[in-house]
Amino acid sequence: MAHRKAKVGAVQKRTGYGIIAVLGLITIWLLFQQTRFNPAVLVAMRPPLLQGRAQAVSGQTLVATAALLPEVPGFKPLAPTESYGPENLSDKIDGKDELYLPAGFKEMSCRKFNLDTAADKTFVEVFIYDMGSAANAFAVFSGQRRPGSPSIPLTANAYATGNALFFTQGRYYLEIVADRASKTLPGSLEAYATALLAKIPSEGGQANPALLFPKEGLAQDSVRLLATDVFSMEGLNNVLTGEYHLKSGNATAFIARRDAPDQAQAEARRYLDFLAANGYQKVQTPAAAGDISVLALDNSFEVVLVQGRIMAGVHDATSVDVALDLAAKLRPALKERP
Amino acid sequence: MRIVTVRRISQIFFLGLFLWFCVTATLGTAWWQLRGWPINWILSLDPLTALATALATHTFYAPLTWALVATVLTLVVGRFFCSFACPLGTINQFTGWLGRLGLSPAAREEANRHRQLQAWKYYLLICLLGLAFMGSVQTGIFDPLPLVHRSVNLALAPLADNRLGVLTDEPRFYASAWLLGVVFLAVVGLNLALPRFFCRFLCPLGALFGLLSRFTPWRIGKTADTCGDCHICEQYCEGACRPSGRFIGSECVLCFNCLDRCPAGRVTFATRPSAAGEAGLPDLSRRGVVMAGAGLLLASMWGVGRLAGTDRDPNLIRPPGALDEERFLSRCLRCGQCMRICPGNIIQPALFEAGVQGLWTPAVNYRIGSSGCLLNCIACGQVCPTAAIRPLSLDEKQGLGEFAGQGPIHMGTAFVDRGLCLPWAMDRPCLVCQEMCPVSPKAIFTRTVFETLRDAQAVAARSRGPAVDLEAAIPVAANLASGDYYLRPTGDPEAALRRITSFAGTNLTLESPLAGNGLPATGGRVDILVRLQRPFVDAAKCTGCGMCEHDCPVSGRRAIRVYSENESRSRPGRMLI
Amino acid sequence: MKQPTDEERLLSVEMNRRDFLKRLGYASAVALAAGGAGLALYDSKGPAISRVQKVLTGLGDYTLRGISSGPGKMAIVRGTDRALMFARGVKALGGMESFIQKGDRVLIKVNAAFATPASLGATTHPEVLAAVAGLCVKAGAAQVLVTDNPINNPDSCFEISGLAGAARAAGARIIAPRAALFAPVSLPEGKLLQNWPVMAGAFQGVTKVMVVSPVKDHHRAGASMTLKNYYGFLGGRRNVFHQDINGIITELAQLLKPTLCVLDGTVSMIANGPTGGSLSDLKETGTMVVSTDPVAADAVGLELLGRSLADVPYILMAGKAGAGQADYRQLNPVLLNTKA
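Protein chains in written order, with the working numbering: chain H, 1 to 338; chain S, 1 to 577; chain Y, 1 to 340.
Since the hints were derived computationally from the structure, they do not count as laboratory data.
Beta carbons are placed, not taken as given, at the ideal position from N, Cα and C, and that holds for glycine.
Honestly, I wouldn't trust all of these hints.
As the list claims (entries may be wrong) - Here are some of the chain S residues that sit facing chain Y, going by a computed Cβ distance under 8 Å:
| no. | residue |
| --- | --- |
| 1 | 58 |
| 2 | 391 |
| 3 | 525 |
Here chain H stands alone, though its shape is the one from the complex:
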């Protein structure tokens, strides 16, 4: 077996080093190239084009609700505020827009945050919906009320779940939703809520209509604002109802605030006509006061009364006693707050 030549010529050595040097240059060039990101990577890094009206530019807010979302210490914004109108609300909340659109939705802004105070970055998203009026705000608030969640004293209408706060203030409906429940979370969320409420202009004097209902016998969290065709009557809109469980039976109380007393009267007359047309018969009850009407059909009793600009009464009571009982409680409650 012949030996390989032990010595390597100078030319071969130099060529070898030259080639190694070229490989080194290629490496350096590659390392430099990888810092200049491919356009596909740049695009993938960018947050997706905001479908709603973008509010990223500071100081230049085109949308009112966006201006109301504060930056609170401890909440690190993850992205610029997004805003949506009726035409593209579904882009954010998809099919749920059916709940807001018929209820007078005007615009919504939302923003995502990370909760710095939590060790593991809790994700929080804040929504503010401008529903155009306090009644509409209450409608969407009560319409999606999570059953069993306790009311909190934050505002006139507010409740909390394990990971979120839901409340209304004036014509705004607000949600502060975190991605998990924890002991410290409620405190943090309420801190944000307080800051948020401070920015919302108070539309003074709008008392919580739910407070109109007499407390005794009122089923917890059963107050609802029904928007249209209430009690199957076409044209009867915006009626508050509350479920009652009294000793004498069960019934539903209803309160409808109108703009003027004569409107309330007219509405009451229409409702009575409607009931009569559907077979309800007037009931003569000596116990009833003169200006309330009591009607009955089978075992269901209706009471209608007018107080100032409020039409109110009892619906679907199980007995005439409970109907009158509730009506009697209702009238003074209405008298207190016109």
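Starting from the known structure of chain H, arrange chains S and Y on it as the hints suggest.
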């Protein structure tokens, strides 16, 4: 430092670099992801790609300029690329070395004997160049660089990674990966029969380099005609180029094994011819060359089949930014980079959808992968080495900014198959397609109809306020309280529908009591209806992104499918004016 | 082993140097050629979205000099003998000599859409073609060409409709559509005719254009007369334009301004157009319109069908777009009666 050591370092460098490019072909900014790594650099060094696309398109695409560097260097020193750079060459050489461990010197010499069939790669090259001249670039099937990229990225890497989940969280799937794998294993496995089998007999790139090294000033040669005749040089010759006798320059792959191992140092790399004589090229028969010219004929016959015309397959959906079919096939290398980078894993190697000419070209399949074509992604065009898929900007893809006039790129149009769709054919509410549609305003809209349930017509019932009690249970499988079911007294089609809000046994609760008096005390009957929102496609807005098809719950033959109608890239596909 | 002599050694060094230089030369030449080719074909931008092709903006204006301003000329001829009606009509407008000069290449656009016999009225009647082509030849035309891009197979359409025979008899040549004749056209400010293949190749060297059409009902368009005849210039998958039929006809009307239009309402297809198929679809309306204004001619044709301008919107649209005058009375048509 011995030249063979440098060669080995260089081979490891380029093989490692190639494998690194395979890893980094993942969209992202982490150190091991795409960032700015030029993952097409090795492909762009390929003069065969540059030549074929230049012949077919009459343009020289700028990123392929690297090929000139390789060309000039080859003209001066020879087929350095085969031994110093080509990743497949390295794999072949290594496998061949493994296969010959323990072989006797005589067997080694016999394995490296120059064979006449080595002329075949030149015939293949001529055939491929003929095809390219006629506008059909088929080099990607045989060219080692696209071949190794395709095989590793689409067959081997997913095999390794699908269980480990290192490169991607979700396993990647590629249609007919088995075929790609088998081809690759065959190429590599043949090295056990004869070393560097592919390089010697089949590689058209090697043939091109061979032609270019016809007149290199520097080449391997013997210093004296007669020597010890130990034939050690032959035993380790990678190119089978006969270094000990009449040296065939175009077959030498510059492995320098002969130079390194000659015990007397009689083999040199110099500017003079070998003392034992030399030949520029192996014997190429005229008949072989003429037969190779059949490439021109083959391309013409494909023209008779008129693939790009009106009989094209509507299932062939190309990635967004792809050129019209004729120009596409004059550029696509089947390198698989677009398939590798697609974050949704929907770009797949075509088998028959694009005809024989389109084997392994990218075709989109919305049933595989993790979603439809993502609205905010432009990856495929940005990694195509020859711009068969144009590098789009996001604005151009979505039809925004300066491209607002021409609108977004359409890959095709979705069509609802009413015979399969749940709300159309099965009386079941669905609407996933409309929810998933990513464009704004949506390209899927709905018309609502109420259909009476077959098993819930004229059911005897009583009502009391918002409660309705059925006389008997009804055999309805659906959850009547889901919000999609409504009740109406039988025989009164004008009556208002009442949504059912809860349902227990035979007791239903409605959202509000029935209109009027409700049901009569006896003999009352009700119908239960389901509210169906039936999807319709607005073809003018549909971009064919396939989100709908991907998520349709009818998972076999989808109830909404994208076809290539109205795709932006082709006139014949234009459906709307 | 015999050692080489000094002479031999010097010679071999000399040869080596020559060989080296020759090889270096070849290598450099190829390198330069490759570099040069690369530079010549250099493309830094990549391929464009669609093939860049030179695109025509129209098929041309073939109206006579004197007529292009002001309302056109029109003759409405009543009768039953097509050749006679045409002869009288064109004479009333100044005679064929005023339209055709010696050496003109005339292109006659006929309606050969279907492979049906002339008696069914779905195509231009061969008698009219014979009359028009014959008078052109008599007036000194160097060549008369007849063309259409039919819906059915072109050869059978021209033969079975009798138009091929009439052309041959008159000494005219049929130009059948083939791929090479189509070139893309983009109408400036057109929405539909953007980069669409049109049979522009038939107009090579043509100096005068005549459009000879039958009067037909058309299910989709309302009526198929002169303006609808232009549809036969379109190539590609032109059926897509049925989605805006009035729009496409209006744009087509702006594409071409013919020298003379002949609207043959001797026997009109008043129902079940454009294919018809039954003799009961036809009515002997006994009128032929010879005019320089295609819009006005069609307006007359409408009356033969018993329709109004509101029924066929493209006539008013084309008029508004400047292709002619929808109120044909403005042209002060000459009324003739060959039966008297």
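May I ask you to test the interface hint for residue 58(S) with respect to chain Y, counting a Cβ-Cβ separation under 8 Å as satisfied?
6 Å, holds
Interface hint compliance - residue 525(S) to chain Y, C-beta minimum distance less than 8 Å
48 Å, violated
Once the shortest beta carbon distance from residue 391(S) to chain Y is found, is it less than 8 Å?
7 Å, holds
The structure does not agree with numbered hint 3 stated previously, though it agrees with all others.
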